[in-house]
Each structure stands twice: as structure tokens, then as C-alpha cells.
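Note that the protein sequences, when read in sequence, are chains A and B. If you want my numbering, it's the 1-based position in the first sequence plus 15. If you want my numbering, it's the 1-based position in the second sequence plus 4.
In case anyone wonders, no lab produced these hints; they're calculated from the structure. These numbers come from a predicted model, not from an experiment. All residues carry an ideal CB built from backbone N, CA and C; glycine is no exception. Don't take each hint at face value.
Stated by the list, open to error - Restricting the straight-line Cα-Cα distance to at most 20 Å, the calculated cross-link-like pairs of lysine to any residue (SDA-like) are:
#1 K211/A / A183/A
#2 K211/A / P64/B
#3 K211/A / A371/B
#4 K138/A / T243/A
#5 K138/A / T328/A
#6 K138/A / D282/A
Claimed, not checked - Here are some, though not all, of the chain A residues that point toward chain B, as calculated from beta-carbon distances under 7 Å:
#7 A186
#8 P192
#9 V262
#10 E332
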Amino acid sequence: MPRRRRSRGPTAATPASATPASAAPVMAAPAMATPASAAPVMAAPVMAAPSPELPVPAELVPLADLAPAITEISVSRRRFLGFGLAVVGGLTGAAGLSRFFPVFEETSSAPPPIVPAYDPVGKAWTFVVDSAACIGCGLCVVACKDENAVTEDGEFARTWVERHAVTADGATYVDSPEGGMEGFPSTSTAPGAEGKTVDSAYFEPRLCMQCEESPCTSVCPVGATYRTADGIILVDPRRCIGCGYCVVACPYGARYLTPAAEQSPNDTPGIADKCTWCYHRISRGSLPACVEVCPVGARKFGDAADPESEIATLVRERHPKPLDPEFGTRPRVLYLGPSVEEA
Amino acid sequence: MILTGRSVILAGRPIPLEPRAAATALGREIASMPRGLRLWFAVLLGTIALAVPAALLALPPGWEVLGTTPTFEWGLLIVGYVFFAITTSGLCLASSLGTVFGIERFRPLEKRHAILALLCLTTAFGIIALDLHYPIRMVFGAVLIPSPSSPMWWMGVFYGIYLCVLVVEVWSMFTNHPRIHQVTCTMAACTAIVAPATLGAVFGVLVARPFWHGPFTAVLMVASAFLSGTALLGVVFYGVHRLRLAGAERAASLAIPSIRLLLSLGLVVVATLVGRQVVAGLTSELPSFREATELLVAGPLAWQFWGLRVILGLAIPILLVALPATRTPVGTFAASLLAIAGVFVDRMTFVAAGQIAPTSVAGNVAAPFAVYSPSLVEIAIILGAVAFVALVYSLAERYLDLNESDAHAAVTLPVPSLERIRALLPARRRPAGTGVAGGQAVQDPGAGVR
């Protein structure tokens, strides 16, 4: 069975001697078709080798021959290939040029430390939050916003404080007015419980858990969220595309997309942002801002790799636990107090 | 398309390139259109005109013109992207039955599906570009820095390949390259399964969102893709039949019954999967999964789920395709329209239910559930996207020959029947009383080659 492209001139399978006059020009090159040449032609160009004495049956004509418009819209193969080559060449060239003028930095090796003298290897940074000690003053939230240029808008926070309150009717509500930045009123602000007097409550400071099995790093389609050698998860503001995938992937709600505000972290609006445990401070030997300002020591931070450190002792002796371990992300923020006692 | 010095010839129509002559020709063309068509184009262009400023407002990163919040980060634009992307896949899945597997009755779907698929995919990319704050970085980042651990990266890869394949498929179809067309159709059919499955995985891998998490999300996405693609073909082919466009006879005799068959299949499969999802959610031991499902079936999403999704989007279309009285082109059209609207609502409720469970994000406590209302910008963009697809497809329908492709004619050659050959014999050799016009075999010209 002959199989040919139909646009390549008369086919040998078409018996010229037996073909009616109307069938003769059937194989006119489509690229050269004009309205005149596009007149319907009534023969099948490629048939199952009909017997020479039989005329080519008109009703077997492919529709394209009856619809000349199809054949008129022809871009030559050369032009098509040329276009394809130009696209491929352009992409290859862009990839080559990016070596000299890097749009993105290499991800094959860990990024260099922010502080050159800092050696991240061997660190086991650990954060412990004591929800029994927290008084909900909100100083940590203010300090974080100030330290990291987070917008004043309470809708966006790297760290915040939640109040788990039991009201007079015995119901439990969670609220966090302005992220706890200005403390908490004596009445609940939770939806559906506004104005209800709070009988008892505990405060739960929240921040990025710096998970060991972090979903935010694995789902990022462009590698903008990465982990440093000492386990801190950071966002490269030059690479983030603002898709929000990491925001919905974080089980602890630690991420948000920065608004175009007067001040924003990294001066780049629309990208993912989250707590970095003040990486620029800890790599210089300081404490995170929130830990430093906490008046009651509800936030503890340190290198658990040092067995003599306060944090290592705390972990060893009081056995803090992670929030919501069922997500399986192995958070490195551990909690003491009612936050984990209830669970 | 032929480019000459001062004009371009498209489908046999010379279109002048000189501005004044082009304007005159355009005016003449508009005047020659039927009034209804002029009105149709005016409505579509008006909708697009509303969407353009909305799109410009959505472009600058961080302007907060969308209704999304940190607790509800994915909104109507993501819904629109998912809807158009899966519809693209569904179009190829439905038409692959004829193109790839050679089932004759599905052959009439070939050319129109390719145009629609290309349009839907470019629209999907346009919507996601408006949702992303830095879309250019996405293009370069995905190419230069592969992130194979991310389903979103794979989704970009597969839909990127899909776009290339569709471009080649359409090109080969209009330039009559049957072999290239056959290969690209096969590739498109394979990608049409992989791409929506990966899109399902984008949601399915998220442990943080129990309503989305799990392998069934990918299955549901592929099934929804099949349903929406088939339903869109149902809407389009009813238009072909009703307006007597090219191939109207085959639309009524072959395409619409074929679409009804596929639609029935898609509706039943999707209904089963939606039922499974609800039962699994209500009986789940994971509190956030159970809460999300309860909010879907008995909470703020209930009217969308029961009223729009289940009754209008599934139950009524199933009845329309099942009852003998409504097994008509109009019945299939109504079922298709409802089914495709149902898939859109399904994507809305799906995206919403994944984020609605009580949570706290970046200092925002969403209790008893997260709230989201799409902004006017988002609504205008989605309406504009629909209008864009409709406008370009209408133009294609008017100015291109979208009659059934014969690209496969050289690949699947029929053997002419004896009756046909006899009918074409010279009159003196034919038995008395038979003729070309009187033979049953010649009443459907070209049927043998399709």
C-alpha cells in the first residue's frame, strides 16, 4: 500500500492514462495555490492502487481536496524548521549567556554563608517555645517586624502569637488580633465569639518550624526555597516566582506572599516570605530578635549540638514536643506547655 | 498563508497589509457579516475590553488586587488555570479515540479539537501568568534550574511539551502532513493523560491539605479533564450542527452521538469519584479532612456543591444523556453545557475545600473556616479568558476550514467497496436500473476515507 504525503506532486499510484481530465491537477503544490488553482479537484491522490481500467471513484476524494482552504494555509516545511531552530537556538543561547550573566545562581552547591567567618557545618540550631510561660505581650512580633522590615499590616507576620481562650460559656476559641502585635484584649476577637469575656487562656507563639522534611523546599518549582548547611530554610528573593505553592504546602501556615508595602523584606513584593530564625543574626552569634526581646524567656534558642548549651539541656530534661507531628515534617521548633499537653 | 508584498492570503482571501486598505477591507468584512454574528463578536470584544485593564492591574506583583489572602492563597485564577488546562487535555483524550485508536465514529472531532485545545492551553498559560507574580522567572527558572522534586515543575514541563506538540499538530493538520500529524496526535494523547495527572499531583502531594492529598486527586483530575473536554466538544458541535457550519451533516450523524457516548462515560466516572471523595472525607480520621468535607457538603460551600455541582453539573446531564426523549442534539448540547459548567464549579469547590478548613497562616486565624470572595479583577479576567477562547474559535470557524481533517486518509486507506466501483463503471457496463445517484453506497461522499 503506497503511503505518501499528498502534497508532493502526482503520485505514481494515480494512473494518468485512466484519470479523467478533472483529476489531473490534483497534486498541485498547495503552497502555490491561488484561488484559481484551488478549484475543487475530484480525484483521490492516494488510493489503494485501483485497477488501471477503473476510474478513480470521486466519492473517495479526501475532504482537503474538496476544501481548498486547507491547502492554501501552508507554511513551508523549511520555514517551519527554521522557526523551530531559531527557538531552540535562542533558548540554547540564553542558557549559554546565563553562564556569563547569571540570571540565577547555581543551586548545585550550598549558597555561601551570609557572614564569611560563620561555619554552618555541625550546627544543630533548635528553637523551644514555652507556651506556659508566654504572656501574650506581643513584643516578639513587634521586634520581628522591626528587625526584618515586615510590613506593619497585621495580616502579614513572620511570627505571631495565638491565644487559645476558653470563654464564659465553656467554648474554646483561637484568635490573634493583628498577629498579637499589640497584645490581647480581655474579650475574644475570634469570629463568632467577638466580645465574649475570656475566662482562661494560654498563648502560643508561632513561627517557621524549619522542618527537616520541609514540604516548602520540595514543592518549589524553581528552587527558590532552599536549605542552608545548618538546616535553616531560606527564600531567594531573586528567584521566587510568587506562585504561592509553598504557602499552601506549609502545614504550619508560616508563609505568606509579601504585599507591595512601604517596607517589605528583601524589598521585593509578591514573593514568598517567612521567618528565618533571624539567620543574619544567628550567623553572627546573636540571638533571633524575638528571643532577645521576650521578657519572660518563653522563647529559647541555641545550638543543640553543644551538649552543655542551655537549649541542649532543656531538650534533654524537659522533652519538648513538636506541634502537629502527624504531618510528618519533623519540625525543629519544639513546644512546652499546654500547646502540646492538650494534643 | 501566503505573504505577498502588500497582502497576505489566508484561506483564499487576500487581506491587505496597508493600514488604510486593511481598515476598508475590515469594514467591508464586518458589513458582510450576519447581524447575529456581529452582535456575538461585539459581546466577546466588549468582555475582552473589560478584562484587559483587569489583567493590567493583576500584573504588578504585590498589588493585592486579587481576593486571595494568606489563609486562602489560591483563588479564582488558579481555578481558571486548572479548568482550561484540564479541558485541553480532555479535548485530546476525547479526540484521540478517532485519531490515535482509529475508531471511525470519533473521527469528526479531529480538527476542531486541535484548535480548541491550542486555544484553551494558551488561555490557561495566560491566566497562570497573571496569577504568578514573576512569570518570566518561571519560564527561565524552570528551564535553567530544574526542580524535579516539585510536581509544579513537572506540570510545567508536560504542559510546555503539550503546547509544542499541539502547535505541530495544528500545523501538520493545516499543511497536510499526515504522518507528522499522526505522530503528534499520539504524543498529544499521551501527554493528555500525563499532564492532568501531574496537575492533580500538584494538589495531591500536599500533606498540609488533607482534602487534596492522595492519589485519587490525580485520577479525579484526569476524569474531569475527559469530561470537560468532551463537554466543550458537545457545545461546539451543537453550534456546528445548528448553524450549518462546515461538516454539519457529520456533526449531527456522527459527532454528536459520539460525544453523547463519551459524555455519559465521563459523567458516570466523575460522579463516582466525587462520591468516593465525599464518603472518604466524611469517614476520615483526619480532623482537617473531615472538617473540610463537612464544610463542603453542609457548610458555606454546600449550595455550590449540591446545587451547582451535583444537581446541575452531574445529575441533570446524566438524565439528559440517558433519557430517550432527550437523546437529541439539543439534549446533548444542554448536557454538555451543564457538564462543563459543573466541572468549573467542581474545580472551584475543590480548590476552596482544600483551603477552607480552620487554620492559621502568618498571623491570620481562619475560624470557623477560611473565607474567600473573588475580586472583580479575578472575575473579569476569567470572563475575558472565556471570551478570548470563544472569539478566536469563532474567527477560526469563520475563516479557516475546520471541516474534518483528511490528514489520516493516507494512513488508513479504505478499500473501495464493490458497489462503489460498480457504481462508477461506465453506464454501458452497469446493469439496468442502477446508477450513481441511486446507489446507497454513494450517498455519503467521502465516508469511506474517513
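So, going through the hints one by one against the coordinates:
1. About 7 Å separates the Cα atoms of K211/A and A183/A, which keeps this hinted pair within 20 Å; it holds.
2. For the given pair, K211/A sits about 41 Å from P64/B by alpha-carbon distance, which is inconsistent with the 20 Å threshold.
3. At most 20 Å may separate the alpha-carbon atoms for a hinted pair to count; K211/A and A371/B meet this at roughly 15 Å.
4. Distance hint between K138/A and T243/A is fulfilled; the C-alpha atoms sit about 11 Å from each other, no more than 20 Å.
5. The hinted pair formed by K138/A and T328/A meets the criterion: a straight-line CA distance of about 16 Å does not exceed 20 Å.
6. The hinted pair formed by K138/A and D282/A fails the criterion: a straight-line CA distance of about 29 Å is larger than 20 Å.
7. Taken as an interface hint, A186/A does not check out: its beta carbon lies about 11 Å from the nearest beta carbon of chain B, beyond 7 Å.
8. The beta carbon of P192/A is not positioned within 7 Å of any beta carbon in chain B (closest approach about 9 Å), and the interface hint is therefore violated.
9. A hinted interface residue such as V262/A counts as satisfied when its beta carbon comes closer than 7 Å to some beta carbon of chain B; here the least separation is about 4 Å, so the hint holds.
10. Because the beta carbon of E332/A sits about 30 Å from the nearest beta carbon in chain B, more than 7 Å, this interface hint is broken.
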